[in-house]
Amino acid sequence: MNMAAFKEFIKFPFYVMVRPFTAFEDIKYGERGSKKYIIVSILLMWVAIAFNTQYAGIVVNENNPMTMNSISDLYGVIAVFVLWCVGNWSITSLMDGEGKLIQIATATSYALTPFFLGYFVATLLSRFITTQEVAFYTMIITIVTIWAAFLLFAAVATIHNFSFVKALATIFFSFVSMIIIIFLIMLIGALLQQVFFFFENVYKELTYRI
Amino acid sequence: MKKYIKPLISLLLAAVFAFMPAMEASARKVPYRGYSYDNMRFVNAVPARLSYIPATVIDGVDLGVGSWSSPQDVQVYEEWIYVSDTGNNRIVVFNRYGELKEDVGDNGVVTTFINNGEIDTFNAQDGLCIPRGMNRIYVCDTENRRILVFDMEFNLLGIVDEPDSDMLMDYNIFRPVKITVDNGGRMYVRVRNMFQGLLCFNDDLTFNGYFGQLPVRVSAWDLLWRRIYTREQIEKNRSFIPTEFTNVDIDEHGFIYCTNIDVYDGDRVKILNPFGTNILKNYNENRNIVGDLLLDAIAQNFMSDMGANTRSRLEDIKARPAGMYTVVDSRKGRLFTYDGEGNLLYIFGGNGSQFGMFRKATALDILKENFDEIVYNIDGLDIYRGDDVIVLDELRANVTIFEPTLYGAMINTAISLRYDGDEGHAVEIWREILRLDNNFMMAYVGIGKSLLAEGENRDAMLYLRAGNDIKYYSVAYRRYRTEVMNNSMPVVMTGLFIVIGLYYGTKLTLWILRKQRERRVEHEHGGV
Numbered sequence: 003m004n005m006a007a008f009k010e011f012i013k014f015p016f017y018v019m020v021r022p023f024t025a026f027e028d029i030k031y032g033e034r035g036s037k038k039y040i041i042v043s044i045l046l047m048w049v050a051i052a053f054n055t056q057y058a059g060i061v062v063n064e065n066n067p068m069t070m071n072s073i074s075d076l077y078g079v080i081a082v083f084v085l086w087c088v089g090n091w092s093i094t095s096l097m098d099g100e101g102k103l104i105q106i107a108t109a110t111s112y113a114l115t116p117f118f119l120g121y122f123v124a125t126l127l128s129r130f131i132t133t134q135e136v137a138f139y140t141m142i143i144t145i146v147t148i149w150a151a152f153l154l155f156a157a158v159a160t161i162h163n164f165s166f167v168k169a170l171a172t173i174f175f176s177f178v179s180m181i182i183i184i185f186l187i188m189l190i191g192a193l194l195q196q197v198f199f200f201f202e203n204v205y206k207e208l209t210y211r212i
Numbered sequence: 005m006k007k008y009i010k011p012l013i014s015l016l017l018a019a020v021f022a023f024m025p026a027m028e029a030s031a032r033k034v035p036y037r038g039y040s041y042d043n044m045r046f047v048n049a050v051p052a053r054l055s056y057i058p059a060t061v062i063d064g065v066d067l068g069v070g071s072w073s074s075p076q077d078v079q080v081y082e083e084w085i086y087v088s089d090t091g092n093n094r095i096v097v098f099n100r101y102g103e104l105k106e107d108v109g110d111n112g113v114v115t116t117f118i119n120n121g122e123i124d125t126f127n128a129q130d131g132l133c134i135p136r137g138m139n140r141i142y143v144c145d146t147e148n149r150r151i152l153v154f155d156m157e158f159n160l161l162g163i164v165d166e167p168d169s170d171m172l173m174d175y176n177i178f179r180p181v182k183i184t185v186d187n188g189g190r191m192y193v194r195v196r197n198m199f200q201g202l203l204c205f206n207d208d209l210t211f212n213g214y215f216g217q218l219p220v221r222v223s224a225w226d227l228l229w230r231r232i233y234t235r236e237q238i239e240k241n242r243s244f245i246p247t248e249f250t251n252v253d254i255d256e257h258g259f260i261y262c263t264n265i266d267v268y269d270g271d272r273v274k275i276l277n278p279f280g281t282n283i284l285k286n287y288n289e290n291r292n293i294v295g296d297l298l299l300d301a302i303a304q305n306f307m308s309d310m311g312a313n314t315r316s317r318l319e320d321i322k323a324r325p326a327g328m329y330t331v332v333d334s335r336k337g338r339l340f341t342y343d344g345e346g347n348l349l350y351i352f353g354g355n356g357s358q359f360g361m362f363r364k365a366t367a368l369d370i371l372k373e374n375f376d377e378i379v380y381n382i383d384g385l386d387i388y389r390g391d392d393v394i395v396l397d398e399l400r401a402n403v404t405i406f407e408p409t410l411y412g413a414m415i416n417t418a419i420s421l422r423y424d425g426d427e428g429h430a431v432e433i434w435r436e437i438l439r440l441d442n443n444f445m446m447a448y449v450g451i452g453k454s455l456l457a458e459g460e461n462r463d464a465m466l467y468l469r470a471g472n473d474i475k476y477y478s479v480a481y482r483r484y485r486t487e488v489m490n491n492s493m494p495v496v497m498t499g500l501f502i503v504i505g506l507y508y509g510t511k512l513t514l515w516i517l518r519k520q521r522e523r524r525v526e527h528e529h530g531g532v
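Protein chains in written order, with my numbering: chain A, 3 to 212; chain B, 5 to 532.
Derived by calculation from the structure, the hints in this document are not laboratory data. Every residue, glycine too, gets a C-beta built ideally from N, C-alpha and C. Among the hints, a few may not be true.
One side only, chain B facing chain A, incomplete, derived with CB under 7 Å [as the list claims (entries may be wrong)]:
{"no.": "1", "residue": "I163"}
{"no.": "2", "residue": "S478"}
{"no.": "3", "residue": "R482"}
This is chain A alone, in the form it adopts within the complex (with noise of 0.2 Å):
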């Protein structure tokens, strides 16, 4: 990567959070925009959200020391980046969407810039605050949630050129399709779990036998 490469790597996303629609149209057309970004934001989203269970000032930080687990944050993260991306392109596909898998998860981890930008600036803060101020650490939270959706809605809307109902639609049905998709798995993993009972009881009783 290029001095100037990078420069736009750097540069886009901040600029995707100001003119979304914009930004998001030229992810579609393949004009800026980089796929190594999706790396970079999941790794991102994934230290933030560690970093503020860990960090997070003693005044606002309801999470319990004994539980906190890095890792299994980092799996929530890409199970839930995955299962998004995977859920929206099953329905966007079905609904004439003209969104790329590849183009929804690009646009997916730009969308989600202000998050994790605004999770790292209100962990230090929350470390300088007192009871009477935690209404700013919660301001910030909410805003760069708020925010985040609104990416979020703009890039589904963008990238598979929806109207406003129907984009929201199709976000309320992303979710369905995310939770049917946890149900799927868990059923094929139970029912690999009895074939593989089955064979391992096949192969015991061969054992015992022979």
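On the provided structure of chain A, position chain B as indicated by the hints.
Relative to chain A, chain B alone:
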């Protein structure tokens, strides 16, 4: 020499500790484990020192009066222990050394008394009350449906029968079970199956009214279901009536302490003022006064199967000096002691078959005999022994007397010093307690608050954080932040101005130099 002083002192202290009478007792095998709860946002059970240990067990056979049959109440007056031997319709009076009180009843056993010239008996009498300085004994004669008032020699002074009042409902049979009496001679009686509250009787034995009714709580969810239900379903559903009190006691100021079996979340102890309003203080969020906070704390944390996996059922309460009170959990046989601010101080006791364990602990009282005995002295600071606790077991039909260990005595003393406003000396004891048990959260908070008052904000922050007192930690932190800002502001601002000054100064100098050079160059060119 100097470096040997500290170890030497600790060695001496260790020797003193080892030969303490209270500590000697704790070297005996105690059948239950000490534990407590820390006050993190998530409920954790943590190991703690043993605060009270069983010293004596007395039952009817030891006294030579025949074994008791499901005794229901124990009361202490001065040195004498009064046990209501319910199943045998008698009251047994003895002291902690197993000696019967010879001048009452038939050599310490009261079975009969004279009522209007005739011999009368109890019938499954339950609660007793012997108020301070009144020379009276109140007995709930449950199955005879009356309350008996005696003097200290069990001569009958009066009888309270079922009050003839429109306020009482017809279907309620007047079966008084627990009683407490205030300084004015007013009786507060818990009647079996009466959910309207306590009954209050005046000193002249007339009926006064209800007292301290528990509020009924109906959720929106219940109301919604009642809309959907048919009439038959509503009739079969449980009705919305307040829960009953289980026991009552009164402290020296006349506040009435009650336990109840509230099925809802919330404090299951009420402290009622003379108007009947609840004045219980509990400053801990998510820490209701319910006995065990976890269903089975011991099993979850210390790999033991001693506790039943149930919620606590608070069966009896006793007000203690300095605003403390102790409740007994009859399901798990544990005793929980709280201070006047709702902090859990210590937990002891348990169910089992060993010496000092219970099958069904139903009542407790306080033996105050040794309260002023000084057991230890830290740098001129006295540790009082505190009061002994006596617990009645209904199924094992015995009483167990618990004595405080040094740790328990220290907590009792510290709470009593705090109650008297002697925060300074209390803090010294908190520090000693932390050396014995660094899970004792109140000590961190106590030390932290005193440091905060002294203006040691940085140290206060550390202690308050250890004690997880977010509110006071915030106060300490804000002061510390201001302090740091005040101290560093001149340096930072001066530095900033110097940096800015240097930056622009250099720029200006460079600009002047450049101008001069340009002029010179121009001059030289012009000269050519």
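Inset, instruction - Identify whether the interface hint at R482/B stands, where standing means a beta carbon of chain A within less than 7 Å of its own. - result: 5 Å, holds
Inset, instruction - Would you check whether I163/B satisfies its interface hint, that is, whether its CB is within less than 7 Å of any CB in chain A? - result: Violated. Min distance 58 Å.
Inset, instruction - Hold the hint about S478/B up to the distance rule: shortest CB distance to chain A must be less than 7 Å. - result: 4 Å, holds
When held up to the earlier numbered hints, the structure conflicts with hint 1 and nothing else.
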